[in-house]
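Colleague: Sequence:
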Amino acid sequence: MKPIRRFLPFALALPLGSVFLVRPVPAQAEGGAAETGEAEPAAPALPPMMLRLRSGDVLWGSILAHDPEGIHFRRVDTGGAVRLSWAWLDPGEVDALRLRFGYVEAAADELLVAVDRFYLHDGTEITGLIVSRTDESLIVKTATRTFPVAKGQIAGAATVVQVPALDIYTKAELYQEKVLELQSTLHAESAEGAAANLGLAAFCERIFDYPHAVHHYKKAAALDPAHEAEVCAAGLARSELKAAQQDQVDMLAEIDVLRARRRYDRAIELLAAFPTRYPDSPLMEDWSKLKERVAKYQERDVREEVVRLWHLWTEKLARRAAREKEGYQAVIAYLDEGYAEDLRKAVAQDLQSLAPGIQPDEVQRLWDERSRGRRRPTTYGQGTWLLGEERALAVLEKEAEGEPPAEGSQEAERKKLEERLARYFRNQELAQKAKTGGEAEEDDPEKFWAGWTPAGRILWIQAYFVENSGLFRLEQVLFDNCRSCGGTGVHEILFTGSAVSGDSGGSRLIRCSTCHGIARVRRLKYR
Numbered sequence: 007m008k009p010i011r012r013f014l015p016f017a018l019a020l021p022l023g024s025v026f027l028v029r030p031v032p033a034q035a036e037g038g039a040a041e042t043g044e045a046e047p048a049a050p051a052l053p054p055m056m057l058r059l060r061s062g063d064v065l066w067g068s069i070l071a072h073d074p075e076g077i078h079f080r081r082v083d084t085g086g087a088v089r090l091s092w093a094w095l096d097p098g099e100v101d102a103l104r105l106r107f108g109y110v111e112a113a114a115d116e117l118l119v120a121v122d123r124f125y126l127h128d129g130t131e132i133t134g135l136i137v138s139r140t141d142e143s144l145i146v147k148t149a150t151r152t153f154p155v156a157k158g159q160i161a162g163a164a165t166v167v168q169v170p171a172l173d174i175y176t177k178a179e180l181y182q183e184k185v186l187e188l189q190s191t192l193h194a195e196s197a198e199g200a201a202a203n204l205g206l207a208a209f210c211e212r213i214f215d216y217p218h219a220v221h222h223y224k225k226a227a228a229l230d231p232a233h234e235a236e237v238c239a240a241g242l243a244r245s246e247l248k249a250a251q252q253d254q255v256d257m258l259a260e261i262d263v264l265r266a267r268r269r270y271d272r273a274i275e276l277l278a279a280f281p282t283r284y285p286d287s288p289l290m291e292d293w294s295k296l297k298e299r300v301a302k303y304q305e306r307d308v309r310e311e312v313v314r315l316w317h318l319w320t321e322k323l324a325r326r327a328a329r330e331k332e333g334y335q336a337v338i339a340y341l342d343e344g345y346a347e348d349l350r351k352a353v354a355q356d357l358q359s360l361a362p363g364i365q366p367d368e369v370q371r372l373w374d375e376r377s378r379g380r381r382r383p384t385t386y387g388q389g390t391w392l393l394g395e396e397r398a399l400a401v402l403e404k405e406a407e408g409e410p411p412a413e414g415s416q417e418a419e420r421k422k423l424e425e426r427l428a429r430y431f432r433n434q435e436l437a438q439k440a441k442t443g444g445e446a447e448e449d450d451p452e453k454f455w456a457g458w459t460p461a462g463r464i465l466w467i468q469a470y471f472v473e474n475s476g477l478f479r480l481e482q483v484l485f486d487n488c489r490s491c492g493g494t495g496v497h498e499i500l501f502t503g504s505a506v507s508g509d510s511g512g513s514r515l516i517r518c519s520t521c522h523g524i525a526r527v528r529r530l531k532y533r
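If you use my numbering, the sequence shown corresponds to residues 7 to 533, in order.
Check before you lean on any hint, since a few could be wrong.
What the hints assert, rightly or not - With a straight-line Cα cutoff of 25 angstroms, these simulated SDA-like cross-link-like pairs (lysine to any residue) come out:
hint: 1; residue 1: K157; residue 2: F124
hint: 2; residue 1: K531; residue 2: F485
hint: 3; residue 1: K225; residue 2: G205
hint: 4; residue 1: K322; residue 2: R479
hint: 5; residue 1: K184; residue 2: D128
hint: 6; residue 1: K453; residue 2: G344
hint: 7; residue 1: K322; residue 2: F280
hint: 8; residue 1: K302; residue 2: Y175
hint: 9; residue 1: K157; residue 2: E321
hint: 10; residue 1: K531; residue 2: G476
hint: 11; residue 1: K184; residue 2: H221
hint: 12; residue 1: K184; residue 2: V169
hint: 13; residue 1: K531; residue 2: E481
hint: 14; residue 1: K302; residue 2: F280
hint: 15; residue 1: K331; residue 2: G344
hint: 16; residue 1: K177; residue 2: K157
hint: 17; residue 1: K177; residue 2: T191
hint: 18; residue 1: K224; residue 2: L247
hint: 19; residue 1: K322; residue 2: R371
hint: 20; residue 1: K453; residue 2: A339
hint: 21; residue 1: K531; residue 2: L247
hint: 22; residue 1: K225; residue 2: E260
hint: 23; residue 1: K224; residue 2: Q182
hint: 24; residue 1: K225; residue 2: A178
Claimed, not checked - Here are the computed distance ranges between Cβ atoms for each label pair:
hint: 25; residue 1: P231; residue 2: E310; range: 23 to 29 angstroms
hint: 26; residue 1: Q365; residue 2: S190; range: 55 to 61 angstroms
hint: 27; residue 1: D256; residue 2: A232; range: 50 to 56 angstroms
Derived from the structure by calculation, the hints contain no laboratory data.
Just so it is clear, CB atoms sit at the ideal spot from N, CA and C, and this is done for glycine as well.
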């Protein structure tokens, strides 16, 4: 998938809150992973442990020292000290040790919650937590409001998706819920209480509640100073720094709320203003990560919105053309010339709040890069005959392939009937034109169009554009029998004859005035 370059100012990001700490590097032994005879780093060794290597081997010993590049490890079997880079260790071991020593922060993982996502009939997406239901509506909660959604407006069933927790809850709500979850152990003595407070402090960092994070890091250290001392000290230092810059933290949080509301125009303005307002901010790394986070969600939302708006405006422009264009020929001219350009411009205009400055050609590119999406139906209805017989009955190339029907089969007999009827209609057309000197009045497209229902004209315009513009993926062409003639294209009229005039009885084939002899209604499935 190509990134959006012109109007998206930032690239894919780690979430806000990721912090990388650099420890002082102790003296290192030489020789990579080899044992060395040089002086070992002057640092107290950790208790003996099992160390898993990427190769699958296992070493027993103690970690003497660590730094951003790896560890110094004393082996039990030989007594020698080795220098191991992180790349030599099992990935799971690396994650646990780097987290333990404070080189990465547990709060780097974005806090997500499961919520409901559903769509309204007008294409609007609703993402939030369904907190209650009434007979007429659903009550949906987000971080900024709780509102009702009428059940009659909902198209289809809701799906469960993962979204950032701060899109749905406030910081205060998330904190109180976590306190209730841990209340039985928060005030416990010694290691149990320290572990609970340490976990709550890390949780507070994930929701950017740094004053509470400071409080619980301090409480963890007071309950048991030996419990995860390095992790606790690093978290406290980090949280105190950010708590002291709460106005800057709040500005970054406001930007993140704007992202959740899909107000990317305002979010980008505040991101641009932050370095000017706080040029010496210690939170510039968080600001940089937030830029990338906004860009990530902006690209996701813009791509989704392009697809929704493209289908929405395809229908809107069909309605406008059916209402405003005077006559069939004017509609055809618009479909062949101006429809596609108006569609791109309309979608680009509606996207300005999501992607300021986006242009119609960029909209076209994003539409071309869309995923498959769901199949949509449309039909030419009773206006199928306006296409002419050949185009009205044409099938997709992939559907046209295959063996001819077996002689004597139902399909073969039907094909013979269709050929006979086609010859009949051609003869009738020639006879009618010879008689009237031109096109039959009932076959006049302009007269038919003027008397057709608005709903029929709208669907016909949409179907024609979908099939002929080259902008959609045509999945399937289907045919329904004409309801009037049952798919024969004619009505059989019985005559009993007349003794007075001497006419004999019999039957005649009269062309169906509904389908004009085409016998089919053309339907499309497209994406």
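Colleague: Hint by hint, note whether the structure agrees.
Modeller: Going through the hints against the structure:
A threshold of 25 angstroms between alpha carbons decides the hint, and for K157 with F124 the separation of about 11 angstroms falls inside it, so the pair holds. With a C-alpha separation of about 11 angstroms, the suggested pairing of K531 with F485 holds against the 25 angstroms cut-off. At most 25 angstroms may separate the alpha-carbon atoms for a hinted pair to count; K225 and G205 meet this at roughly 11 angstroms. Of the pairs offered as hints, the one joining K322 and R479 holds, with about 20 angstroms between alpha carbons and a cut-off of 25 angstroms not exceeded.
With a C-alpha separation of about 38 angstroms, the suggested pairing of K184 with D128 is violated against the 25 angstroms cut-off. At roughly 24 angstroms between alpha-carbon atoms, K453 and G344 fall within 25 angstroms of each other, so this suggested pair holds. Straight-line distance between C-alpha atoms of K322 and F280 comes to about 40 angstroms, which puts the hinted pair past the 25 angstroms bound. Only pairs whose Cα atoms come within 25 angstroms are accepted, and K302 paired with Y175 is accepted, the gap being roughly 21 angstroms.
For a cut-off of 25 angstroms, the pair hint linking K157 to E321 stands: about 23 angstroms separates their Cα positions. For a cut-off of 25 angstroms, the pair hint linking K531 to G476 stands: about 14 angstroms separates their Cα positions. For the hint pairing K184 with H221, the CA-to-CA distance comes to about 15 angstroms; that is within 25 angstroms, so the pair holds. Note on K184 and V169: the hinted pairing holds, with a Cα-Cα distance of about 18 angstroms set against a maximum of 25 angstroms.
For the suggested pair K531 and E481, the alpha carbons sit about 5 angstroms apart, so the restraint of at most 25 angstroms is met. For the suggested pair K302 and F280, the alpha carbons sit about 19 angstroms apart, so the restraint of at most 25 angstroms is met. Pair hint K331 plus G344 holds up; C-alpha atoms about 12 angstroms apart against a cutoff of 25 angstroms. For the hint linking K177 to K157, the alpha-carbon distance of about 30 angstroms lies beyond 25 angstroms, and the restraint is violated.
Straight-line distance between C-alpha atoms of K177 and T191 comes to about 22 angstroms, which keeps the hinted pair within the 25 angstroms bound. Distance restraint check for K224 and L247: the Cα-Cα separation of roughly 14 angstroms lies within the 25 angstroms cut-off, and the hinted pair is therefore satisfied. Among the hinted pairs, K322 with R371 is consistent with the structure: their alpha-carbon atoms are about 21 angstroms apart, no more than 25 angstroms. For the hint linking K453 to A339, the alpha-carbon distance of about 17 angstroms falls within 25 angstroms, and the restraint holds.
Between K531 and L247 the alpha-carbon distance is near 58 angstroms, which puts this suggested pair outside the 25 angstroms criterion. Proposed proximity of K225 and E260 is contradicted: the alpha carbons are some 29 angstroms apart, above 25 angstroms. Proposed proximity of K224 and Q182 is supported: the alpha carbons are some 19 angstroms apart, at most 25 angstroms. Distance check on the hinted pair: K225 and A178 sit about 19 angstroms apart at the alpha-carbon level, within 25 angstroms; holds.
At about 50 angstroms, the beta-carbon gap between P231 and E310 misses the expected band of 23 to 29 angstroms. One distance hint, 55 to 61 angstroms for the beta-carbon pair Q365 and S190, holds here, with the actual separation near 58 angstroms. Roughly 35 angstroms separates the CB atoms of D256 and A232, a value that falls outside the hinted 50 to 56 angstroms.
Violation of the numbered hints given earlier is confined to hints 5, 7, 16, 21, 22, 25 and 27; the remaining hints are satisfied by the structure.
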